[in-house]
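Numbering (our numbering), first residue to last: 101 to 414.
These are computed hints drawn from the structure, not numbers from a lab. Computed from a predicted model, the values in this text were never measured in an experiment. Fair warning: there could be bad hints in the mix.
List of simulated lysine-lysine pairs, DSS-like, C-alpha gap at most 27 Å [what the hints assert, rightly or not]:
#1 Lys233 to Lys177
#2 Lys252 to Lys177
#3 Lys233 to Lys176
#4 Lys233 to Lys252
#5 Lys305 to Lys252
#6 Lys383 to Lys176
#7 Lys413 to Lys177
#8 Lys375 to Lys322
#9 Lys383 to Lys185
#10 Lys233 to Lys277
#11 Lys277 to Lys383
Derived DEER-like restraints, expressed as beta-carbon distance ranges [as the list claims (entries may be wrong)]:
#12 Glu165 to Glu379: 40 to 46 Å
#13 Val381 to Glu251: 40 to 46 Å
#14 Asp232 to Glu296: 24 to 30 Å
Beta carbons: idealized from backbone N, C-alpha and C, even for Gly.
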Amino acid sequence: GINAEYGEFQTFQHYFKRINLSEMATNQEGVNNVYENVFPRLWRNLCGDYINFGYFASDCNNLIEANEYMLRWLIKKMSITSNSKVLEIGCGRGAYAINISKQTGCPFVGVDILPRFIEEGQLLLEKEGVQDKGKIIIGDMTKLSDVLEGEKFTHILCLGCLFYIHDSLDSFFAGLKTFCEPEAWIAIQDFSRTVEVDLIRPVMKHWRTEGETVETNSYIKKILDGNFRPYIAPYFSTVVVYIKQFKSVSAGYSLQYYNNDNNDFALRSINAVTKAGEELVKKGDLPPELFTFNILRDAMESGKIIYNTFIVKA
Numbered sequence: 101g102i103n104a105e106y107g108e109f110q111t112f113q114h115y116f117k118r119i120n121l122s123e124m125a126t127n128q129e130g131v132n133n134v135y136e137n138v139f140p141r142l143w144r145n146l147c148g149d150y151i152n153f154g155y156f157a158s159d160c161n162n163l164i165e166a167n168e169y170m171l172r173w174l175i176k177k178m179s180i181t182s183n184s185k186v187l188e189i190g191c192g193r194g195a196y197a198i199n200i201s202k203q204t205g206c207p208f209v210g211v212d213i214l215p216r217f218i219e220e221g222q223l224l225l226e227k228e229g230v231q232d233k234g235k236i237i238i239g240d241m242t243k244l245s246d247v248l249e250g251e252k253f254t255h256i257l258c259l260g261c262l263f264y265i266h267d268s269l270d271s272f273f274a275g276l277k278t279f280c281e282p283e284a285w286i287a288i289q290d291f292s293r294t295v296e297v298d299l300i301r302p303v304m305k306h307w308r309t310e311g312e313t314v315e316t317n318s319y320i321k322k323i324l325d326g327n328f329r330p331y332i333a334p335y336f337s338t339v340v341v342y343i344k345q346f347k348s349v350s351a352g353y354s355l356q357y358y359n360n361d362n363n364d365f366a367l368r369s370i371n372a373v374t375k376a377g378e379e380l381v382k383k384g385d386l387p388p389e390l391f392t393f394n395i396l397r398d399a400m401e402s403g404k405i406i407y408n409t410f411i412v413k414a
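Model the full assembly from the supplied sequences, consistent with the hints where possible.
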């Protein structure tokens with residue numbers, strides 16, 4: 101079951117005096133409410149230190165294993181070694197960057213805007229013994245130069261965080277190259293829509309974001325217009341890969357990604373979160389108005405929203 105000790109309502113508004121959240125493109129108050137109230141009640145027991153769908157393969161029994169699977173896949177597919185330098189954007193507690201460093205010995209930086217996660221990330225990197233390898237710092241993903249000026253990375257992770265800034269993706273992808281070493285790898289996990297935006301506004305309300313969710317083909321174009329190129333390689337070996345040519349926007353490149361139209365791995369994750377949240381609501385441990393993952397689940401099941409993974413190189 102879900103451990104109720106993570107159900108305490110806590111507010112950290114005094115920490116937010118350190119940064120100007122009003123300048124963010126998202127509804128930060130709504131985002132903060134979700135992360136301070138919903139996620140501590142729900143995700144800790146589901147995902148451990150991770151806050152991510154992971155990759156819920158058929159041999160995974162829970163979301164912790166799904167994230168560990170994804171971690172191993174990223175290290176192998178992106179050729180991360182002790183000579184790499186990893187940046188995790190929207191890192192939460194920094195579990196991916198920290199555990200990649202623990203397994204490979206590489207240096208890392210994690211960036212997140214919520215002070216709660218920065219403090220928990222500091223504890224996690226000490227717990228995992230990698231405090232001499234990297235740091236978890238507070239920062240706005242739309243203003244990375246404020247906290248990463250002059251730094252370069254061989255590997256950049258944007259795992260399930262960019263849907264908050266879909267109205268700023270063009271400038272984000274254009275600016276991201278500033279932090280890339282030559283031939284840097286970039287992993288992007290994000291949602292996109294397949295229907296008119298008005299049909300998924302309930303999902304945007306669930307995300308507490310004011311920027312309109314980007315349509316899939318437009319999302320791909322935004323990546324390519326940011327001067328990245330697709331990495332052409334087999335995807336998860338256990339997955340029937342959905343492959344589509346985007347010659348009109350990518351000068352003949354092929355882009356491979358998976359989505360919930362031809363596999364159910366992302367849906368396994370969202371169903372696990374939804375089931376656990378519904379149990380908390382029934383027990384009275386979670387106010388029903390704070391739990392809306394069923395809206396996202398329904399949109400994914402109907403194919404209106406898909407969850408993409410892109411691997412590209414700078």
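Results for each hint:
{"no.": "1", "hint": "Lys233 to Lys177", "verdict": "holds, 22 Å"}
{"no.": "2", "hint": "Lys252 to Lys177", "verdict": "holds, 20 Å"}
{"no.": "3", "hint": "Lys233 to Lys176", "verdict": "holds, 20 Å"}
{"no.": "4", "hint": "Lys233 to Lys252", "verdict": "holds, 15 Å"}
{"no.": "5", "hint": "Lys305 to Lys252", "verdict": "violated, 35 Å"}
{"no.": "6", "hint": "Lys383 to Lys176", "verdict": "violated, 41 Å"}
{"no.": "7", "hint": "Lys413 to Lys177", "verdict": "holds, 12 Å"}
{"no.": "8", "hint": "Lys375 to Lys322", "verdict": "violated, 34 Å"}
{"no.": "9", "hint": "Lys383 to Lys185", "verdict": "violated, 44 Å"}
{"no.": "10", "hint": "Lys233 to Lys277", "verdict": "holds, 23 Å"}
{"no.": "11", "hint": "Lys277 to Lys383", "verdict": "violated, 47 Å"}
{"no.": "12", "hint": "Glu165 to Glu379: 40 to 46 Å", "verdict": "violated, 20 Å"}
{"no.": "13", "hint": "Val381 to Glu251: 40 to 46 Å", "verdict": "holds, 43 Å"}
{"no.": "14", "hint": "Asp232 to Glu296: 24 to 30 Å", "verdict": "violated, 50 Å"}
Hints 5, 6, 8, 9, 11, 12 and 14 from the earlier list are contradicted by this structure; the remaining hints agree with it.
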